[in-house]
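> Residues per chain, in single letters:
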Amino acid sequence: MTGLRLAAFALVVVALALFPFGAGNYPVKLLQEILIMGIFAMSLDLLMGYTGMVSFGHSAFFGLGGYVAALALSKSPGLMSALVLPALAAGLAALVIGFFSIRVSGVYFIMLTLAFSQMFFAYTFQVSWLGAEDGLVGIPRPRVPGWDLGSLRGFHAYLLALVTLTALGLWRLVRSPFGHVLRGIHDNEARMEALGYPVDRYKLLAFVIAGVIAGVAGSLYTQFNGSITPDAFYWKTSGEALLMVIIGGTGTLGGAMLGAAAFILLQSLVSTYTERWMLILGATFILFVLFAPGGIVGALRGRIGLRA
Amino acid sequence: MEQVTRRKFIGTAGFAAAGAAMGPWVRRAAAQSGPVKIGLVLPYSGVYAVLGESITQGMELVFARENWTVAGRKIEMIKEDDEMQPPVGIRKTEKLIDSDKVDILTGPVHSGILMGMRDKVHNSKTILIVSNAGADAISRERCSRWIFRTSFSNWQPNQPMGEWVAKNVAKDVFIAAPNYQAGKDQLGAFKETFVPAGGKLVGEDYPKLGETDYAPYLTKIRQSGAKAVYCFFSGSDAVNFVKQYDQFGLKQSIKLTGAGFLTEPDVLPAQGKSALGVITGHFYTPLLDNPTNQRFVKEFQAKFGGKMPDGFACQGYDTAEVIVRALKSVNGNTQDKARLVEVIEKSEFDSPRGRFRFDPKTHNVIQPYIYIREVKEVAGGLNNVPIDRVANVTDPGTGCTLPA
Amino acid sequence: MPADLFAQALNGLAYGVLLFLLSVGLTLIFGMLDVVNLAHGSFYMLGAYAGLSLIAATGNFWLALLAAPLAVGLIGALIERSCLRPLYRRPPLDQVLLTFGFIYLFEDLVKWIWGGRIRSIPPPDLFAGSVSLGGAIIPSYRLFVIVFGLVMAVLLYLLIERTRLGAVIRAGVFDAEMTAGMGINIHRVFTAVFAFGAALGGLSGVIAGPIQSAFPSMGVTILIPALIVVVVGGLGSLKGSLIGSLIIGQAETFGKAWLPEAAMLIIYVVMAGIVLIRPQGLFGRPLK
Chain W
1 MTGLRLAAFA
11 LVVVALALFP
21 FGAGNYPVKL
31 LQEILIMGIF
41 AMSLDLLMGY
51 TGMVSFGHSA
61 FFGLGGYVAA
71 LALSKSPGLM
81 SALVLPALAA
91 GLAALVIGFF
101 SIRVSGVYFI
111 MLTLAFSQMF
121 FAYTFQVSWL
131 GAEDGLVGIP
141 RPRVPGWDLG
151 SLRGFHAYLL
161 ALVTLTALGL
171 WRLVRSPFGH
181 VLRGIHDNEA
191 RMEALGYPVD
201 RYKLLAFVIA
211 GVIAGVAGSL
221 YTQFNGSITP
231 DAFYWKTSGE
241 ALLMVIIGGT
251 GTLGGAMLGA
261 AAFILLQSLV
271 STYTERWMLI
281 LGATFILFVL
291 FAPGGIVGAL
301 RGRIGLRA
Chain D
1 MEQVTRRKFI
11 GTAGFAAAGA
21 AMGPWVRRAA
31 AQSGPVKIGL
41 VLPYSGVYAV
51 LGESITQGME
61 LVFARENWTV
71 AGRKIEMIKE
81 DDEMQPPVGI
91 RKTEKLIDSD
101 KVDILTGPVH
111 SGILMGMRDK
121 VHNSKTILIV
131 SNAGADAISR
141 ERCSRWIFRT
151 SFSNWQPNQP
161 MGEWVAKNVA
171 KDVFIAAPNY
181 QAGKDQLGAF
191 KETFVPAGGK
201 LVGEDYPKLG
211 ETDYAPYLTK
221 IRQSGAKAVY
231 CFFSGSDAVN
241 FVKQYDQFGL
251 KQSIKLTGAG
261 FLTEPDVLPA
271 QGKSALGVIT
281 GHFYTPLLDN
291 PTNQRFVKEF
301 QAKFGGKMPD
311 GFACQGYDTA
321 EVIVRALKSV
331 NGNTQDKARL
341 VEVIEKSEFD
351 SPRGRFRFDP
361 KTHNVIQPYI
371 YIREVKEVAG
381 GLNNVPIDRV
391 ANVTDPGTGC
401 TLPA
Chain U
1 MPADLFAQAL
11 NGLAYGVLLF
21 LLSVGLTLIF
31 GMLDVVNLAH
41 GSFYMLGAYA
51 GLSLIAATGN
61 FWLALLAAPL
71 AVGLIGALIE
81 RSCLRPLYRR
91 PPLDQVLLTF
101 GFIYLFEDLV
111 KWIWGGRIRS
121 IPPPDLFAGS
131 VSLGGAIIPS
141 YRLFVIVFGL
151 VMAVLLYLLI
161 ERTRLGAVIR
171 AGVFDAEMTA
181 GMGINIHRVF
191 TAVFAFGAAL
201 GGLSGVIAGP
211 IQSAFPSMGV
221 TILIPALIVV
231 VVGGLGSLKG
241 SLIGSLIIGQ
251 AETFGKAWLP
261 EAAMLIIYVV
271 MAGIVLIRPQ
281 GLFGRPLK
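Protein chains in written order, with my numbering: chain W, 1 to 308; chain D, 1 to 404; chain U, 1 to 288.
Treat the hints as calculated values from the structure; they're not laboratory data. Some hints could be false.
Said to hold, decoys possible - Derived Cβ-Cβ restraints for the label pairs, each shown as a range: (1) E193(W) with Y88(U): 22 to 30 Å; (2) L287(W) with G115(U): 52 to 60 Å; (3) W112(U) with R191(W): 47 to 55 Å; (4) V269(U) with A299(W): 38 to 46 Å; (5) L195(W) with W114(U): 51 to 59 Å; (6) K200(D) with E161(U): 54 to 62 Å; (7) L95(W) with V269(U): 56 to 64 Å; (8) F148(U) with P140(W): 56 to 64 Å; (9) K273(D) with L155(U): 42 to 50 Å; (10) A64(D) with R85(U): 48 to 56 Å.
Unchecked claim - Partner residues are not named here, just some residues of chain W that face chain D (Cβ under 7 Å, in silico): (11) G22; (12) G24; (13) N25; (14) Y26; (15) Q126; (16) D134; (17) V137; (18) P140; (19) N225; (20) S227; (21) E275.
C-beta: ideal position from N, C-alpha, C; glycine also.
Using the sequences plus the hints, can you model the full thing?
What follows is the structure in structure tokens.
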């Protein structure tokens, strides 16, 4: 990372870390939700923006991470339950689902991934051992020695640390040779094949990495709310992540976080003031598409003249 | 000199003592001069917005009658749209508790939101008066001394119907509800008294929630040999089920019965003639002839442009009545929550549904009656006409240990 | 037993035909314009509500059946010209966002104008009762839907395969650039096809109304089944849309009757199965 960008990034992280010291509980909670959905969206951007695989079933891994975390934390609230198990479960599911879904592409890939996440939804919605439509509640925060994750500030530091690490990790990934191959696949899959790359294996790996991160996001969501419901698997959750990526700017990573912020703020704040928030949200998307094609990041770059 | 000093001393001491005794009162008075904040977590968008509106209107009727003031303090309603989604509902609940610092929280419609907010409410010792969500658990193993319910538990409208249907309609019954926990709970309560009363279940089906085409299920019902159907459906499910039931010509030969939500005023207009003759159990119908209800219906229609109040409006009305009466009892003191809870627990008044009381063991309302109603054409259109009733329906409260 | 099977098969046929009417517009738009029109569910919803108002105003179902699709088609044309046309050169994701935006917009608009309550649409008096057919009892309106749908299928087939307009459309689906190169005003054809697809969506809304009623989130609810039918049948294929919806109609109906616990899943399992075995759908163009 160039010095300037590193400094800017560090500044942002510090500002976010200090946020709970100035703001009230509700804004801090909104910020935390943005951070969690932000890394969920970023993982989707890895798939969509960098590898060119548009998935409409990404919520499958988000929900799976959330439910595994809920079940594990109820039994033993430690970091193993909070992070390791959900990541493993999501990764495994991504391996299986990815193996089948990658055989197809385009609209068919979209619909197949959707089908898988809807199957998860239908299952968790109906079975009582997972709480049926009410989901699982009363989930304790993980216990880390020397750190009170039950407090607002304690959880904030924990969340911010994880999100920052994930963001940095993803950033390095897309700039690594692996990331370049992914972008090559996005640009012209046939050429990459011709060059001898095992394209399907790269795609599967990207799918699994994205799935793992989505699983961690889902787990954090459970820890944040203290509960998880089948809605985490619903196609609307996948759709919202899709929107966040597009609004922020596909293929920019940071855009996904900005898109998450825009979407959540719009939804929360607008609905407090007017009943017509859906109209405003819809109109906003439409105007965005027509007049801000690169998403938020695209618009910012246009203004400031930054290069990728 | 001594005399003056002693008098002065006694005077000063007396004044100081009086001042010390008054101190806390002065402080409390200052805290009590601000408005009483009532938070509402309800759906104001989506298909269930009609329920959110009805409940809110019931509350507004009471507060307006009191001129939006109680015990010298203004009443302020803070409404938040939960969009019928648990994550949103929990977020809004936290906003109301942490940011807005509401004195009393009310709502929600969605049982999932209720279950999700339960711990937050309990741990923050916020008084919650549940104005709709019927999850049985809130009156059972997840009850809390800070949580009251003025609406109903899913068990209440269904349990008396089991015996009633077996005795008055038919013994060969097919039951149906949407495939989710609330649906299964409601039918479970029905089965509790249906089977012991000699009833026989000839079929049991759980179509998916939000199903729009019930044809396969209706065909199964016809083929089962059932003489009656008992079901739980609400909202658009209720509309589609009842309409299609009629379209398939089943009403003539197989009597349709169900939990009250099947034919409430939010769905009756859309069902139209298809709902005629349907028998349901509910704690309320606008046609009840007690004086409180007659006044309630008149005032409600006057205030809200002729709109017919329904069970949801009654729930809102009772919620607001509980709040107003409790606040009057404690003279507007919302700081002493324990006392407020004590007073709320003892609420007793005339509600449109009958004599309103909480069960101190569960903080759930004791339904003065579950009315058995039949949809008939009356002056003003289709409505649920009471034809029978079962008194004092109290939720069993299994597993609830208060104070918790 | 055979009477039972026949009754359920009839149910499945009615539902399948309804799915066909809904998805045929979507598949044409997909195939022709390569556009992911998520707002197709909204056209269905607008059709149902327009039908509701027209019937309330005139008391005539048939008039509504004719006029509502025209109105929806007009809206479709407007959207295509103003919002969609600038996006043809842009990545398909932009179309996703645009049409997603319209989903939100239309749902709230409908709620604003007609209210959030569910509204019932009465069937025409001619078909208000039920009839007995081969031992099964079926509402006569559903019989009408079956006949209407199959007639529409034939008419559409004739339109697309046997008319000049149809030839132009087929050419456009196959290769838009070539068709433009032949001097045909491809822009007008695109607008016409989009409007036509929208009108078909609106028509299916009116037809479905007496069965499924009208509520603001009905567009969103029907979107997934429609997308599934299109994928199963094959993008852009009329035949695929028909066969696909009939298959799914039967699968859903018998699934609900025999495997109720799996009712929510069936449609996804069928689709997943077909996509894995034959990714281009039953009658779609072979991929790669």
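> Against this structure, judge whether each hint is valid.
Against the structure, the hints come out as follows:
1. E193(W) with Y88(U): 22 to 30 Å: Holds: the Cβ-Cβ distance is about 28 Å, inside 22 to 30 Å.
2. L287(W) with G115(U): 52 to 60 Å: Since the Cβ atoms of L287(W) and G115(U) sit about 27 Å apart, the hinted range of 52 to 60 Å is violated.
3. W112(U) with R191(W): 47 to 55 Å: About 50 Å separates the Cβ atoms of W112(U) and R191(W), which means 47 to 55 Å holds.
4. V269(U) with A299(W): 38 to 46 Å: holds (42 Å)
5. L195(W) with W114(U): 51 to 59 Å: holds (57 Å)
6. K200(D) with E161(U): 54 to 62 Å: holds (57 Å)
7. L95(W) with V269(U): 56 to 64 Å: violated (20 Å)
8. F148(U) with P140(W): 56 to 64 Å: The hint (56 to 64 Å, Cβ to Cβ) holds, given that F148(U) and P140(W) are roughly 58 Å apart.
9. K273(D) with L155(U): 42 to 50 Å: With Cβ atoms ~34 Å apart, the hint is violated.
10. A64(D) with R85(U): 48 to 56 Å: Given a distance of about 53 Å, which is inside 48 to 56 Å, the answer is holds.
11. G22: With Cβ-Cβ at 14 Å, over 7 Å, it is violated.
12. G24: The hint holds - G24(W) has a Cβ within 7 Å of chain D, the shortest such distance being about 6 Å.
13. N25: holds (4 Å)
14. Y26: holds (4 Å)
15. Q126: holds (6 Å)
16. D134: Interface hint status for D134(W): holds (4 Å vs cutoff 7 Å).
17. V137: Since the shortest Cβ distance to chain D is 5 Å, the answer is holds.
18. P140: Nearest chain D Cβ about 10 Å off; hint violated.
19. N225: With a closest approach of 6 Å, the N225(W) hint holds.
20. S227: holds (5 Å)
21. E275: holds (6 Å)
Hint compliance for this structure: hints 2, 7, 9, 11 and 18 are broken, all remaining hints hold.
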